[in-house]
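Number of protein chains: 2
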Amino acid sequence: MNQTTYTIEQIGIIRSELGSREDAPRQVYEGAPHAWLQVHSAFTEGLKGIAVGHEIILITWLHKAQRDILKLHPRRNKNRPLTGVFATRSPDRPNPLGLHRVSVLEISGNRLKVGPLEAIDGTPVVDIKPVLPRSADS
Amino acid sequence: MNQTTYTIEQIGIIRSELGSREDAPRQVYEGAPHAWLQVHSAFTEGLKGIAVGHEIILITWLHKAQRDILKLHPRRNKNRPLTGVFATRSPDRPNPLGLHRVSVLEISGNRLKVGPLEAIDGTPVVDIKPVLPRSADS
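Quick note, the sequences are listed as chains A and B, same order. Take the first sequence: its position 25, counted from the start at 1, is 26 in the numbering used here, and no numbers get skipped. Take the second sequence: its position 29, counted from the start at 1, is 30 in the numbering used here, and no numbers get skipped.
What the hints contain is simulated information worked out from the structure, not anything from laboratory work. Just so it is clear, the structure is predicted and the values come from calculations on it, not from any experiment. Each residue gets a CB set at the ideal place from its N, CA and C atoms; glycine is no exception. Please note: incorrect hints may appear among the correct ones.
Stated by the list, open to error - Computed cross-link-like contacts, BS3-like style, restricted to lysine-lysine with a CA-CA straight-line distance of at most 30 Å:
#1 B:79 - A:65
#2 B:49 - A:72
#3 A:114 - B:72
As the list claims (entries may be wrong) - Negatives, chain A to chain B, calculated, CB over 10 Å:
#4 53
#5 78
#6 106
#7 109
#8 122
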């Protein structure tokens, strides 16, 4: 039997004025503030080459999510049909990964000011990727 | 001390003609085939609402990657300066997550034909998300 679970680790954490899921907009275009990404010291070397003005993708671990949900009403609207979580952007899903495309606004040591970002304060960050000009997900 | 590691689990696996990292194009626009995503039966309910013609983002776990690398020469080209992994799309990074935007070409039970996809055969899939018309990362 091949391995089917893996260990993922925090490389940093979000510091935001958004304190809870209830405060957070459902999508970034619904209004989201700037926030700070604090990268843990063990990983700061990995930031070399990121500069103010770059567009980056943060992958977060949505630690408040429910992982045992496979279907839901999109946007918690009971009038919308039950939909598979993989056809939605709900944080509730088996592996609660969040994707956030943000601009780098300021860099101060191991801290990046980024935005706009709908993730709440304390959200763990597990990866950072550049937006490539022709990348498949940019 | 808050939790800083998490367990992520396979929800499916890629079946592709690409057998190894050496076969795989570095970026999808450099030529990549279609492939099948086999979703494990415990998670197939989560697919409800995904249809042929949709654009989706697969998040993979790049199981052949080296996780202890923080800087590298982009595209393994020694003439390019050492760069932090978070400023590159290298699979070698602390949490080897891959992002792949693909089209859904065919659906057969728990199997989705998708493409183009540069991930190799046997790559674990850990999440699927819809591309939203105005999403931050689409």
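Results of checking the hints against the structure:
1. B:79 - A:65: Distance of about 42 Å is beyond 30 Å: violated.
2. B:49 - A:72: Within the cut-off at roughly 8 Å; holds.
3. A:114 - B:72: Judged against 30 Å, a Cα distance of about 22 Å means the pair holds.
4. 53: The assertion about residue 53 of chain A holds, with a minimum of 13 Å to chain B.
5. 78: 14 Å, holds
6. 106: Holds, because the least Cβ-Cβ distance between residue 106 of chain A and chain B comes to about 15 Å, which exceeds 10 Å.
7. 109: For residue 109 of chain A, whose nearest Cβ neighbour in chain B is about 16 Å away, the distance exceeds 10 Å, so it holds.
8. 122: Given a closest Cβ separation of 12 Å, the condition holds.
In this structure, only the earlier hint numbered 1 is contradicted, and the remaining ones agree with it.
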